[in-house]
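> Taken in order, these protein sequences are the chains called A, B and C.
Mapping of the first sequence onto my numbering: position 123 corresponds to residue 123, and the numbering continues sequentially without gaps.
Mapping of the second sequence onto my numbering: position 146 corresponds to residue 146, and the numbering continues sequentially without gaps.
Mapping of the third sequence onto my numbering: position 5 corresponds to residue 5, and the numbering continues sequentially without gaps.
None of these hints come from the bench; they were simulated from the model.
The beta carbon of each residue, even a glycine, is placed where N, CA and C say it ideally should be.
Incorrect hints may appear among the rest.
[Stated by the list, open to error] To spell it out: a stretch of chain A is covered by chain C in this simulated footprint if at least three of its residues, at any positions, have a beta carbon under 8 Å from a beta carbon of chain C; those stretches are:
hint : stretch
1    : 34-40
2    : 108-117
[What the hints assert, rightly or not] Simulated restraints on C-beta separations:
hint : chain 1 : residue 1 : chain 2 : residue 2 : range
3    : A       : Val95     : B       : Gly71     : 30 to 40 Å
4    : C       : Lys122    : A       : Ser108    : 43 to 53 Å
5    : C       : Lys134    : A       : Asn96     : 27 to 37 Å
6    : B       : Pro53     : C       : Pro53     : 23 to 33 Å
7    : B       : Pro53     : C       : Lys122    : 18 to 28 Å
8    : C       : Lys134    : B       : Lys120    : 55 to 65 Å
9    : C       : Ile121    : B       : Ile132    : 51 to 61 Å
10   : B       : Ile121    : C       : Glu70     : 49 to 59 Å
11   : A       : Lys51     : C       : Ser104    : 49 to 59 Å
12   : B       : Lys134    : A       : Gly118    : 48 to 58 Å
13   : A       : Ile121    : C       : Lys120    : 45 to 55 Å
14   : B       : Ser42     : A       : Gln111    : 41 to 51 Å
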Amino acid sequence: MKVSITSGRAEGPTKLNAFDNALLDANIGNVNLIKVSSILPSGTEVVPIPKFPAGDMVNCVLAYTSSDVEGDLITAVVAAATSDDFGCVVENTGVNRDLEDVKSEAKSMVQYMMDIRGLKIKEMLMADETHIVKKQGAVVAAVVYIG
Amino acid sequence: MKVSITSGRAEGPTKLNAFDNALLDANIGNVNLIKVSSILPSGTEVVPIPKFPAGDMVNCVLAYTSSDVEGDLITAVVAAATSDDFGCVVENTGVNRDLEDVKSEAKSMVQYMMDIRGLKIKEMLMADETHIVKKQGAVVAAVVYIG
Amino acid sequence: MKVSITSGRAEGPTKLNAFDNALLDANIGNVNLIKVSSILPSGTEVVPIPKFPAGDMVNCVLAYTSSDVEGDLITAVVAAATSDDFGCVVENTGVNRDLEDVKSEAKSMVQYMMDIRGLKIKEMLMADETHIVKKQGAVVAAVVYIG
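This is chain A alone, in the form it adopts within the complex:
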């Protein structure tokens, strides 16, 4: 299994379009995303995000939040931990929360998931995105399963 980690942010005229624009900013706007929960198979390799054929069905763990309140600070984070065996992924989001807090919360959650499974973390990968809303903003962070 190969996975990519990515994130994006955008404004848009509607909530849906801001979300779509954020997906485009993250280079996953031209595929059909299927949300899954949160395990990396053994031997997962992290690679740069490929150029998917438009309309591909793509499994992903997705952190997403949006707001239409001017000045809101919105944040989306994914954290992926690998081990010599399999790995775990968490998503986390925040509105008007410090980025470092949202990231550190994601880190502890994935650390806990690994601990409880008896897995020793080899590598911790994160993607995060913040955005200060103008009119209608969205942020996404994602772990994308490539196959």
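Given chain A, work out where chains B and C should sit, using these hints.
Chains B and C in isolation, oriented as in the chain A frame:
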């Protein structure tokens, strides 16, 4: 890729059953629906909805809303735009909103998605359904990916 | 098609971790769950839950609820009905509701789904889980599609 566009509405004794009845009314009640986001691959052909084997796993973009307030007007809409390259799909719903408003909002959202990708719309396809709630009502509209 | 029915409950330091721990308790914590709606193909066989390779993509119908209020009684139920043709599945959850009520509601909902399709129930299978929250609790019940 072939897709079908469909919609349905129903009453039911519970929220879950009203939803299920609306799916049956849309001819997608006997499959396992997997929700995806919103791109039509290049060369997508729109066909009448086929008779799926019961229990098939079927990817779809789904607009769904429900209400248990007598007299509520509930609406579900999907709009799909095709081009010479790939296409885009949006879902939209409304409670006590004019059908034409919900449809026109869906149209502008998908138009915006196509514009931002530099895609010229060849065809715009919509499905919509409205229902005035008696006790527990549901409406669905869907773009179903057939494979 | 083979399916398994399972359930689990747990506490955890965060909502996400309590959910993840409940999935582990249900033996579906090490896979990527994809939520689907609710039909069992003809000839479905119910089997004990297998040991999935970590990170498998697994379709499921999932009932899930959580609470961080000490003393809350949380409940998750799935009910699956089979016939000589295909079958139906419902999920149901409750907070501070009698387990038997949540189960009996699930039973009537799946009974109704079978009736409306003209299917005669051969077997009714249920999984249920209740938990009294200490700090942050979660319960899950699931029908897992094995393939």
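> Indicate, hint by hint, whether the structure satisfies it.
Verification of the hints:
{"no.": "1", "hint": "34-40", "in the structure": "holds (count 7)"}
{"no.": "2", "hint": "108-117", "in the structure": "holds (count 6)"}
{"no.": "3", "hint": "A/Val95 <-> B/Gly71: 30 to 40 Å", "in the structure": "holds (35 Å)"}
{"no.": "4", "hint": "C/Lys122 <-> A/Ser108: 43 to 53 Å", "in the structure": "holds (48 Å)"}
{"no.": "5", "hint": "C/Lys134 <-> A/Asn96: 27 to 37 Å", "in the structure": "holds (30 Å)"}
{"no.": "6", "hint": "B/Pro53 <-> C/Pro53: 23 to 33 Å", "in the structure": "holds (27 Å)"}
{"no.": "7", "hint": "B/Pro53 <-> C/Lys122: 18 to 28 Å", "in the structure": "holds (19 Å)"}
{"no.": "8", "hint": "C/Lys134 <-> B/Lys120: 55 to 65 Å", "in the structure": "holds (59 Å)"}
{"no.": "9", "hint": "C/Ile121 <-> B/Ile132: 51 to 61 Å", "in the structure": "violated (33 Å)"}
{"no.": "10", "hint": "B/Ile121 <-> C/Glu70: 49 to 59 Å", "in the structure": "holds (55 Å)"}
{"no.": "11", "hint": "A/Lys51 <-> C/Ser104: 49 to 59 Å", "in the structure": "holds (52 Å)"}
{"no.": "12", "hint": "B/Lys134 <-> A/Gly118: 48 to 58 Å", "in the structure": "holds (55 Å)"}
{"no.": "13", "hint": "A/Ile121 <-> C/Lys120: 45 to 55 Å", "in the structure": "holds (53 Å)"}
{"no.": "14", "hint": "B/Ser42 <-> A/Gln111: 41 to 51 Å", "in the structure": "holds (42 Å)"}
Checked against the numbered hints given earlier, the structure breaks only hint 9 and satisfies all the rest.
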